[in-house]
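Dock chain B against chain A, hints included.
Read top to bottom, the protein sequences are chains A and B. Per this note's numbering, residue 94 is the first one in the first sequence, and the count goes up by one each step. Per this note's numbering, residue 11 is the first one in the second sequence, and the count goes up by one each step.
Treat the hints loosely; a few may be bogus.
[What the hints assert, rightly or not] With beta-carbon atoms standing in for the labels, derived distance ranges: (1) A/Gly429 x B/Ala192: 29 to 37 Å; (2) A/Pro475 x B/Ser36: 40 to 48 Å; (3) A/Gly429 x B/Ala340: 38 to 46 Å; (4) B/Glu206 x A/Thr441: 50 to 58 Å; (5) A/Asp268 x B/Thr143: 43 to 51 Å; (6) B/Thr204 x A/Asp490: 28 to 36 Å; (7) B/His169 x A/Trp140: 45 to 53 Å.
No lab work stands behind these hints, which were simulated from the structure alone. The beta carbon of each residue, even a glycine, is placed where N, CA and C say it ideally should be.
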Amino acid sequence: MAKFGVLDYGVYVPRRRMARRAIFDAVGWAQGGLRAYAKGERAFAAWDEDAITMGVEAARSALKSAASAPHTLAFASTTAPFLDRQNAGVIAAALDLRSALRSMDIGGSQRAGLSAILSACEAPARSTLVVAAEKRPVKSASVLEMMSGDAGAAMLFGEGEPVAEFITAHSTTVDFVDHFRTEASGADYSYEERWVRDAGFLPIVADTIRALLQRARVEAGDVARLAAAAPSVAALRALAEATGIRADAAANQFLDTIGHAGAAHPMLAFAGALDVAAKGDLILILAFGQGCDAALFRAAGAGRKNEMARAIAGGAREENYAKFLAASGRLDIDWGMRAERDNRTAQTVAFNKSRDIYGFVGGVCSACDTPQFPRSRRCVNPSCAALDTQKDYRFADQRGVIKTFTEDHLAFTREPPLLYGNISFAGGGNVFMEMADFAPGEAAVGAAVEMRFRIKDVDTARGFHRYFWKAAPAEGAAHG
Amino acid sequence: MAEGIRDKVAIIGMGCTRFGERWDASPEDLVTEAFEEAVADAGINRSELEAGWFGVFYDEQNVGKSAYPLSQYLRLPNIPVTRVENLCATGTEALRGAVYAVAAGACDIAMAMGCEKLKDTGFAGLPERTKGTFEDLYQPNFTPPGAFAQLAAAYAAKHRLAITDLKRAMAHVSWKSHENGALNPKAHLRKRLTIEQILEAPTVAYPLGVFDCCGVSDGAACAIVARPEIARALGRDRLVTVKAMQLAPSNGVEMGHQSWDGTYTLTTRKAAARAYKEAGVSDPRADISLTEVHDCFSITELVLMEDLGLSDEGAAARDILDGRYDAAGAIPCQIDGGLKCFGHPIGASGLRMTYEIYNQLLGRAGERQLANPKFGLAHNLGGIPNRNVAAISIFGVKS
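Extracted from the complex, chain A is given alone in its bound form (with noise of 0.2 Å):
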């Protein structure tokens, strides 16, 4: 028989990270209680990343050494930017998947990515890929500013040769508020923490461990890692000492790096398990909000990525609380007239440009084998100029160099100056484009680049906003 279970994974953590003492600093004047929260640092996304983006770059990473596109796709998120527009169409679309793809956008609770790895592990004989992201809304001063973070996370599941093993899962469900938002509330409205975690957090998640231990036939003391989105260090532990689990399993789930994700965090602290755990490993991850979602996995031990490391390194740490307001909209700049330009989309060309934009799909010269953005009718190879020998070619995956650049501090943009140049890809191609994650004076002509599905433009007016791909420092290549 086939094994099931996660084929491969990918997370992304955003560049930007905002020095936790650094919130204090800014707001302690406010609630002095936050003083006990000022360590660490917690990851946040830049004014032109949201769950869609951070999504679409987990995916990526999950997907590189795919050997079939996956027969569903499935985002979850309690901030996915669209209401009504499937958010996971937007992923899809980013990732260049084919269309003949079953899609759904699932939110609601914080289990939202558990529980469509569950939805995954139920349909075995169908591969889905499990994207799930966060960018959280907070509200200055609060515990949650200091400890939740944004980021994403995503896992392919199908029979193959797993990395971990599905074995079995165990759900419940009681509508305890611990926290909730609505759209009158804009942010979290959270409850006392004490009784959240003695009344809420460690009953219910006990219970479920339990019911799914004895399902198992696991003991508690066997299970060698622990993934799971706690309301704190200290809960988790506690959580640890009423299971019977190993304290040590349950020890650095990303919250003194990221912060809380919300319902990519599971799946972060999933992947940060995979990283490090051997064979034979039995994996316990577990979701909480309104009950609890509880699955067991086994690590094959293999193909180990250190997924978790590639994703936290290279951050930068931030340390002006105006900044992080501004990354997130909190604060209200007086941006100038360039910011009034109507950035109405054309919904007739985006849908019929759709590989193009959010695909970054270009053409190839059939006759002189020449990439070009956008794909035209006639080859731009002024040596060619041949008429429809194009084939699609997709940009997106390809490396470059800046052949050119600018930091522009006339141009609008809510993270001031603008970057934008020309970027020359190493298979071929030149596109004039924006960048991203470069700090002031890091771009060069000659760095390397690679590319990141970003927010392109907001449209205030309509409360749309669209996609393009940006200009990065490559990974691995040397900053500055």
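Frame of chain A, contents of chain B only:
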């Protein structure tokens, strides 16, 4: 091979407004000001005009679409007038329309008018605009300084120049234009600057500072052209004729093909080769006495000196610092102050350049007059380095 338009058309009259922040002047005022100077200079009657071309770029923020504003302002007797727009080459395109009409024999006397009222847009620099329904989806939200600044980064890297050394040559470009503009009563910016002031100005788009950028102004300029026989019949003995007018728009190569390295303007090179041929200029360094080039930014002027064949590749910075393009140099550039001091009311700029060359060739440039100019070259570059429209006109005297 077509024979071209050399000496087939003479400029018989020109007018140019004072450029600047003309807060109290309407487009109608500017057009009238330029026109009245031009018809008086030509010594013709308004009713003798047979056709007109009207260059306007930002129509919605200026005079609206179509050419009828020109017809209306001047109460023209319903002669054919056409609005043209081709980015920053718009003014030159208006002139090309009039010149071609006369050269074709379609009419004896025609007019080109360019006008732009940038200071009604409310922007410092050029206003934001859409790039079209498809390109808005992926093109960077560039500004003109940011787009042209790209030349500097690439040029410095290619020619192994420290950016500080390149900046010094760029500063000389602006310094020289301000020296020239200070002498021109029609220029917008008439203040002299020191190299240090230029180098220490705040950055607009790396590595361009404020003084690497041209001004933003209102203005209009007008040319009246006719067949040389008509000019003679009007009593002109010294005729300024059109030697060449060439236009080269990008075809997407710079934007999408790796053959372009980002350090030069490809279209200028193409247009220059054709213009020199049409004008019969075999050695531009010897024959071209002055240039009015598209110095929207200092770095643009620097690379243009190479694109026009006036400096060797990689040598423009040295030539500029050597004073070759200064007022007293071998081939003065922007003797009127250029876009740098006139600003760039887009529809008018090409005609403003032509106005200076016309007056220089007629010996009427006052304090700025050069000794015995032979050929004058006007150059516009509309768009951005990786996609643009280059227009080159060469003017001379037909004895």
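Hint-by-hint comparison with the structure:
no.	hint	in the structure
1	A/Gly429 x B/Ala192: 29 to 37 Å	holds, 31 Å
2	A/Pro475 x B/Ser36: 40 to 48 Å	holds, 45 Å
3	A/Gly429 x B/Ala340: 38 to 46 Å	holds, 43 Å
4	B/Glu206 x A/Thr441: 50 to 58 Å	holds, 54 Å
5	A/Asp268 x B/Thr143: 43 to 51 Å	holds, 48 Å
6	B/Thr204 x A/Asp490: 28 to 36 Å	violated, 51 Å
7	B/His169 x A/Trp140: 45 to 53 Å	violated, 36 Å
This entry does not satisfy hints 6 and 7, going by the numbered hints stated previously.
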